[in-house]
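This is what each chain is made of:
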Amino acid sequence: MIQFDNVGLRYGDGPEVLRDVTFTLPSGSFHFLTGASGAGKSSLMRLMYLGLRPTRGTLSIFGRALDEISRRELPAIRRQIGVVFQNFRLLDHLSAIDNVALPLRLSGVHEVDIRSHVTELLDWVGLGAYLDALPATLSGGQQQRIAIARSVINRPRLLLADEPTGNVDDTIGTRLLYLFEELNKLGTTVVIATHSETMIARFAHPRLHLDSGQLRLLPALEAKG
Amino acid sequence: MTRSRDLPLARDASARFLAWLIALTVFLGTLAWTASAVLADWATVWERGLTGSLTIQLTPDLSGMGAAGADGADAATFERRVTAVLAVLSAEPGIDAVHRLDDAETASLLDPWLDAGMLEELPLPALLDVTVADAGSLDLVGLERRLTMADPGTTLDTHQAWLSDLRDIVQAAQWLALTVMLLVGGAGLIAVVFAVRAGLAIHHHVIELLHLMGATDLYLARQFQSHVLHLSVRGAVAGLVSALAVMGLLYWFAVPSTQGLLPTLVISPVMVAGMVAVPMVVCLLASLTARWIVLRSVSILP
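The listed protein sequences derive, respectively, from chains W and L. As numbered in our numbering, the first sequence has no gaps in its residue numbers, which increase by one up to the final residue, 225. As numbered in our numbering, the second sequence has no gaps in its residue numbers, which increase by one up to the final residue, 1302.
Same shape as in the complex, but just chain L (with noise of 0.2 Å):
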């Protein structure tokens, strides 16, 4: 014998849209949770990279644009003021360490965003790399005023401003990212509602007759709950499955032209415990909401 389902849910027009809503659901809400936790681990890789860290930055004399800082007279004078900074630097009490970026690590830095050939040509800055043993016993201030009076064409960058934008777009990011999920959740949730409300339209002759032959509320709310849990796993699954292959496609395509501009994009276990996450609070909450819609509007009956 071929147990059926008491209520033929499975023929309602509902059983079809509900299940590619729930796969809408699932593949926004998974490829959100992701930006979101791809987005953190970037923030997180660029704040320890530039906590404790400085950058030093001396110009080059641009007034005899062709040879400064390369050769000559004026390529002497360049490592003159690069040594006086040095030299303030070492006697900095809580400098850990002092790194010179040579020219193809500084052009290294700029190739993203300049061909080989203006590299060249255009004289470069010289770049210190300063290691903070203790960010907090330095004096800043203190320092950038030592390095002036040494060389005034030295700038000093704490990256402090640039961390705390990063902070702030990774927060909106991951605030908009929740919001998504939010919205999606919520009308995911709506629909469900609604195909409920409309399978118990349909079939309130059958509902009633249950009730009357002894079925309890409980009994009437597994039928629609099972229903809905069926079609939100088939709906699930399909939503990750497609949420899977645009980040592939995107990781794909997108990876080598962002290298050197963005953190190695590493599956972290975050993500991995949204995406398994994502789909099973999905499937969770929308089977339980069909049961608390059905409890409530079977409760009416006598």
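Chain W extracted, bound-state conformation (with noise of 0.2 Å):
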């Protein structure tokens, strides 16, 4: 699914915020991606959701090395990945329904489709009857729950949420991991920056551990249920 080959990452002229990272990650499988704070977890994420790329070493997604691929192809790759960014980036000028139907219409899929495939996935996220809110008018964890539905709308093979937990409480976070879980079993693969290590705990699953922009593959905490 997804391979980095000693690859390395810098920022212009600066430092290399992350060094000589290589893992592979399977098909269908589940990570967490741990690390204080400027341990280069977003610059990991952004790398893996080809929001950058790599300054040295080899980068392999869906079975290909991210240098044989062109230009023209990255958009239909892009597409099979759901991101749930750290700040939602929803868009403000549109409702929900619409922030949702995104991928889908960069995809090319029919307005008719779009319509109820959105709606029935808002009500499966408890927003039903915001289908027409704007983002300002929705809490936090509001936001949170329409950034998620955007980026799984799709089917994606690759699901990337960096901090997907961060501005909501225990409850609805915990909630939302069982989400992740879930579209899990259905064979996407799943990597979830967090810094949360109560809610790791309890969750079985193994981790990327950034530690100054080194990565080391850890087993999962034991599940507390």
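Any given hint could be a false lead.
Computed list of chain W residues with no C-beta within reach of chain L, every gap over 10 Å [unchecked claim]:
#1 Asp5
#2 Thr22
#3 Tyr49
#4 Arg53
#5 Arg56
#6 Gln80
#7 His93
#8 Ser107
#9 Glu120
#10 Gly166
#11 Asp169
#12 Thr174
#13 Asn184
#14 Ala201
#15 Arg202
#16 Arg216
Chain L stretches covered by chain W per the calculated footprint, using a threshold of three residues with CB under 8 Å from any CB of chain W [to be verified]:
#17 1006–1018
#18 1215–1225
Hints listed in this document are in silico derivations from the structure and should not be mistaken for laboratory results. Glycine residues also receive a C-beta, built at the ideal position from the N, C-alpha and C atoms.
From the two separate chains plus the hints, produce the assembled complex.
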């Protein structure tokens, strides 16, 4: 699914924020990405959702090395990746339903099909009554669920979530992680960046741990139910 | 579900001024095109009227001012001079017909410049309108010499100098119109470039997000293209309507006062084609420019 081989990343002429990162995520796996603030979690996520290119090393996604993928092919690959951004990045001028519909529209799905799909999903995340609401009128938790709905509407092969529980209380955070587990059971590869050790402790999944730009693969913590 | 655009371009300040600039571009472009077409039509009318024709003028003897060419002995002398000239013309090969303008026709030619009272007092020249059968076979130099020998007060006007000046003026006016069209068109396109660049800068976060979600460069370009096309069509319609209104006012006020001086104004297919083509070309160029600018800009995204 995703393979990093001695990947390094630096911004401009600055120091390397990721060094010699090597790991493989099998298809259908579930990993937490952990590490202290500034350890490079967001940079690693950006590499995985193809928002950046590594400055060295080889990154392969869906079985193909990034260097060998033409720019013309990249949008189709990106449409197979669902991303929940740390600050949601919802479009303020679009309603909840239009925000969630974006990936479908980018994929060229017919408008008639879009409404039924999006309505069903927003119902499922408990926002069926807020279809036409603008993000600014919704709470942080509701915005987060819209962001999550948008990331999964296209049935992505890879789901990346950057601190998805950072702005919600423990109850909602736990519910969201159960949602990600459900998606994982349907075959989606999931990577969740978080610094919440308590959250990770509730779910038994292996961890990619970043420490000063270097990555270690750690086993799952003992699940606490 | 109301389909909203992914990029809120309609809210940008540039959306307001771009439509106005496109309107101005179409307004000036349409006027310039129409002016050029009208001049070309008039030149054709004048040229058609003058090619293959000569005008011979016999000026009356002004020494006995007050009676010359009008009555008495002077009138008889003047008629003899005219008869001598007509005899030369009738013997000339290559001349199809000779028409002597009567006093009323001659007066009507002078009417725009001189009032009726002055026309009655002034001695009028004899004007002979000569139709040439074959302009190439006529010996104009020889004809002029023979006419001068028959009557030294005869002048031969082949209209060539005037036609040449007319062609030069029309050509210069057409170049001027083309230059105006290119300048206003260029200014309009520069406005499109700035508006699109402003839109790209204002919405770069949204553009980056759409790019990361899998939007193709073409998808992003189409958002701007359709936005610019929408504004351009609005502006072009306003510009065209304004230009038509100005042309209508000019026609309404100018035609009565120029009757006799200028050929009748006819709406030609070239004029209509221009009125249709100028707004369409402006809209097309504006939308293609927007597309090109966006494609160039987003190509640097990873």
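Give me the numbers of the hints this structure contradicts, sorted from smallest to largest. Violated hints: 3, 4, 6, 7, 8; rest satisfied.
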